[in-house]
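Peer 1: Sequence:
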Amino acid sequence: MGLRYDYIDVDNQQLINPERPEETFNKDEKTLLGDGNGNPVGLIDVPSFSSLSPRLGVSFPVTDQTVFHAQYGKFVQQTRLRDIYQGWYLTANNLGGGFFIPAPVGFNVRPTRTTQYELGFTQQIGDFASFDITGYYKDIQDQVVYRQQSVTNSRYGAYAILTNGDFATTKGLEISFNMRRQARFMLNGSISFQDAQGTGSFPNSNRGIVGAPLDGVTRFAPQYIAPLEFNNSVRGNINLDYRFSKDDGGPILEELGISALLSFNSGHPYTTGIGGADLEGDARDRQPIEPLNASSTPWNYQVDLRIDKTINIYDRLSANIYINVINVFDTKNIQNVFLRTGSATDDGYLTTPGVGLERALADPTFAALYRAINLDYYEQWQLATTGAAYTTQPYLYGPPRQIQLGVRLEY
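When we follow this note's numbering, the leftmost residue of the sequence shown carries the number 1, and every step to the right adds one.
A couple of the hints might just be wrong.
[Stated by the list, open to error] Computed Cβ-Cβ distance ranges for the label pairs, DEER-style:
#, residue 1, residue 2, range
1, Pro-288, Leu-90, 30 to 40 Å
2, Pro-364, Arg-155, 28 to 38 Å
3, Leu-240, Ala-158, 52 to 62 Å
[Unchecked claim] Under the rule of at most 16 Å between Cα atoms (straight-line distance), these lysine to aspartate or glutamate pairs were calculated in the EDC-like manner:
#, residue 1, residue 2
4, Lys-74, Glu-23
5, Lys-171, Asp-139
6, Lys-74, Asp-11
Bear in mind the hints are in silico, worked out from the structure with no lab data behind them. Since the structure is predicted, the reported quantities are computational estimates derived from the model, not experimental observations. Using N, Cα and C, we set each Cβ at its ideal position, and we do this for glycine too.
Start from the sequences, fold in the hints, and give me the full structure.
Peer 2: Written out as structure tokens, the structure reads:
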């Protein structure tokens, strides 16, 4: 049982009246209004945040080999600093320009709140093995979301901000197995089945459609519950370790070990769409052709290997010499795809009328040049999708085979 108290003061300021930015800024000069002594007059302090978070966990034996466990807890997490801090000149320039703001901030964004429940049991098998089955449920509130701030009798137009509003629920089941070392072998593994749904996968999820006029007055603010982009319906791993202990196996094999890790997951959701040339990087340039996150990337499988040996140098000083092999079989795991085609090798640009098809037909060299720059170049997809939102995207493929050799001194 526990009780946590959080007090968060971001030491920030915000507009005194968000509906009238001219009470804070000089629109023509894009500067803060002042009192003549260098002190701004249109800002107020962001209030501090405090929260009490109870935690409760119980565990008791049902039989001599079965243990029941349950947990309940509340948690708060402060948002990313880049979501709440921005220079006032940049803010004045963004608001005064009246253009689309790809990466806004929310000066008064509150922390995200999570309520979590767990229920499960552990079953011992014989003297050296056990398995655990745990079900869990998470309710996540006050996630950061992209919204339009309306204005009243103002020279400024409506502008983008970050605020609290998105929510999500995550529920799942995790099964794990553990076998203690027996005749030099140790085995453990786990598999989880998860369903994560909510109104936004990340703060800028819906920035391409937020604020679109519905009837000339009402501005669109989506609250559609859908699978979240980072969800893996199935995820698991199996780890096998074979190791000689101290004074075992003679001078060559003593403290030598080899371990193999198999990891896998079912891919993650995405939404197929159509649109212009900047379809991947700018949500305003694409239209979905299916329900949100209705498609999924392929399954991923990867085997990693580690071989290491510890050598005693002197007294308590020893050296661990190791070889790590990441992705032993050099499996080409597709982690992301082009949204137009659902493929990692073709973005559909050259075959789409009104986008790139006509250019490819008019110039035979254009298609080859386009593929070399935009498809064959490994990092181009990441560059295209990172954009001005300051969010670094992963690559289309997982890591290739990598071999690492090292020595770690232990004392």
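Peer 1: Which numbered conditions among the earlier hints are violated in the structure presented, ordered from lowest to highest?
Peer 2: Of the numbered hints, 2, 4, 6 do not hold.
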